[in-house]
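Asks: Sequence:
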Amino acid sequence: MSAWAGIAWLVVLLLGNAFFVAAEFAIMSARRSQIEPLADAGSKRAKVTLGAMENVSLMLACSQLGITVCSLLILNVAEPSIHHLLSVPLHALGIDDGISGPVAFVVALLLVTFLHVTFGEMVPKNMSVSAADKAALLLAPPLVFIGKAVRPVIVALNWSANHIVRLFRIVPQDEVSSSFTLEEVQSIVAESTRSGLMNDQTGLINGALEFSTQTAQGIMVPLDQVVTLPVSATPVDFEHKVGKTGFSRFVFVDDAGNLLGYLHLKDVLPIPVARYEMPIGEARVRSMVNLAMDEEIEDALAIMQRTGSHVARVISPDGETRGVLFLEDVIEQLVGEIRDATQTQIHERRRA
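Quick note: the sequence shown uses the UniProt record's numbering, first residue 1, plus one each step.
In case anyone wonders, no lab produced these hints; they're calculated from the structure.
Positions of the beta carbon are idealized from the N, C-alpha and C atoms, including for glycine.
Hints should not be assumed to be uniformly reliable.
[Stated by the list, open to error] Computed cross-link-like contacts, PhoX-like style, restricted to lysine-lysine with a CA-CA straight-line distance of at most 20 angstroms:
{"hint": "1", "residue 1": "Lys134", "residue 2": "Lys241"}
{"hint": "2", "residue 1": "Lys125", "residue 2": "Lys47"}
{"hint": "3", "residue 1": "Lys44", "residue 2": "Lys148"}
{"hint": "4", "residue 1": "Lys125", "residue 2": "Lys44"}
{"hint": "5", "residue 1": "Lys244", "residue 2": "Lys266"}
{"hint": "6", "residue 1": "Lys266", "residue 2": "Lys241"}
[As the list claims (entries may be wrong)] FRET-style restraints, in silico, Cβ to Cβ:
{"hint": "7", "residue 1": "Asp299", "residue 2": "Arg151", "range": "43 to 49 angstroms"}
{"hint": "8", "residue 1": "Arg322", "residue 2": "Ser130", "range": "50 to 56 angstroms"}
{"hint": "9", "residue 1": "Arg151", "residue 2": "Val11", "range": "55 to 61 angstroms"}
{"hint": "10", "residue 1": "Trp159", "residue 2": "Asp294", "range": "43 to 49 angstroms"}
{"hint": "11", "residue 1": "Glu277", "residue 2": "Phe247", "range": "42 to 48 angstroms"}
{"hint": "12", "residue 1": "Ser160", "residue 2": "Asp294", "range": "29 to 35 angstroms"}
{"hint": "13", "residue 1": "Leu15", "residue 2": "Ala302", "range": "38 to 44 angstroms"}
{"hint": "14", "residue 1": "Asn258", "residue 2": "Asp329", "range": "55 to 61 angstroms"}
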């Protein structure tokens with residue numbers, strides 16, 4: 001093989017190495033959510049790319065095989081060619097053959113290492129990661145074709161690698177993960193907000209993300225801060241309490257201070273005027289559901305929705321009531337502060 005033929009093969013092998021590196025990073029970095037709509041629209045290239053992402057273990061084995069073969073051949077092809085090209089100027093400088101050989105080898109090693117790391121690894125990796133979706137659509141189909149051609153080899157390599165991984169009690173993955181943990185999504189939202197890519201002035205997104213981290217204990221109103229009414233309270237007392245506090249729901253307690261249940265303003269409005277100064281009575285009081293202090297807030301919401309209760313007792317492990325959880329407070333954790341403007345209007349209309 002002539003020296004210039006060796007240089008040509010060096011270029012070909014560098015391009016081959018760059019292809020396998022770019023394909024590997026593209027398949028690992030591509031977002032399934034961007035590829036699936038194209039596949040659903042009928043794109044054959046997108047369908048092949050999805051198949052590669054669903055068999056990422058085999059695709060990585062194919063890429064690594066290609067990278068290894070190209071890397072091993074590059075120096076074997078490049079060193080003789082570069083040595084031959086350097087021999088003439090080295091002899092012209094009067095350098096002995098015993099010295100020119102090691103010098104040519106060192107020069108070839110340094111040059112090939114630079115070319116291999118730069119153009120065979122770093123450049124294709126950065127380009128592929130920067131445009132992962134487009135790179136995956138471009139590179140995945142030929143990689144899949146090569147994978148089919150050398151399937152017996154990569155299946156054997158993949159089988160060996162998976163069994164070695166299992167020895168470390170790690171489950172091998174065959175598909176690119178397209179999901180994020182809650183902490184990862186919170187970090188993405190925070191960074192997008194800081195960089196101006198997302199506007200969350202209402203706090204709705206952050207509220208939704210932080211929603212599931214709350215417990216009943218963290219949102220409840222402590223027992224000593226709950227605004228209550230005695231069971232002997234009249235509709236007049238109820239309306240006075242509404243006008244004083246602005247609340248539309250109140251917890252009723254017995255003479256010993258035990259929580260009996262709650263009433264909403266709309267439960268009091270239908271009471272006839274003739275009974276307006278008579279005790280509301282325990283029979284009208286709605287029951288309250290019981291929740292544990294460590295109950296996750298989404299579970300608490302589900303329980304309150306299922307039972308139709310807008311107010312719940314929060315019970316400690318020893319069975320004591322520690323506070324009251326209002327449905328409105330639960331929802332506010334998700335959507336922000338809620339203003340119940342109708343309660344004052346109803347109150348004014350009732351007084352009129």
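Asks: Taking the hints in turn, state whether each one holds.
Replies: Results of checking the hints against the structure:
A distance of roughly 64 angstroms separates the Cα atoms of Lys134 and Lys241; the hinted pair therefore is violated under the 20 angstroms criterion. For the hint pairing Lys125 with Lys47, the CA-to-CA distance comes to about 23 angstroms; that exceeds 20 angstroms, so the pair is violated. For the hint pairing Lys44 with Lys148, the CA-to-CA distance comes to about 17 angstroms; that is within 20 angstroms, so the pair holds. A hinted pair counts as satisfied when its Cα atoms are at most 20 angstroms apart, and Lys125 with Lys44 does not qualify at roughly 25 angstroms.
For the proposed pair Lys244 and Lys266, the alpha carbon gap of about 17 angstroms is at most 20 angstroms, so the pair holds. For a cut-off of 20 angstroms, the pair hint linking Lys266 to Lys241 stands: about 14 angstroms separates their Cα positions. Between Asp299 and Arg151, the C-beta spacing of about 48 angstroms keeps the proposed range 43 to 49 angstroms intact. The hinted window of 50 to 56 angstroms between Arg322 and Ser130 holds, with their beta carbons roughly 54 angstroms apart.
For Arg151 paired with Val11, a C-beta distance near 28 angstroms fails the hint of 55 to 61 angstroms. Checked against the hint of 43 to 49 angstroms, the C-beta distance between Trp159 and Asp294 comes to roughly 45 angstroms, which is consistent with it. Distance hint check for Glu277 and Phe247: the Cβ-Cβ separation is about 21 angstroms, which falls outside the suggested range of 42 to 48 angstroms. Taking the beta carbon of each, Ser160 and Asp294 are about 46 angstroms apart, not inside 29 to 35 angstroms as hinted.
Range check, Leu15 to Ala302: Cβ separation about 57 angstroms, and the 38 to 44 angstroms hint is violated. In this structure the supplied range 55 to 61 angstroms is violated for Asn258 paired with Asp329, their Cβ-Cβ distance being about 22 angstroms.
Checked against the numbered hints above, the structure violates hints 1, 2, 4, 9, 11, 12, 13 and 14; every other hint is satisfied.
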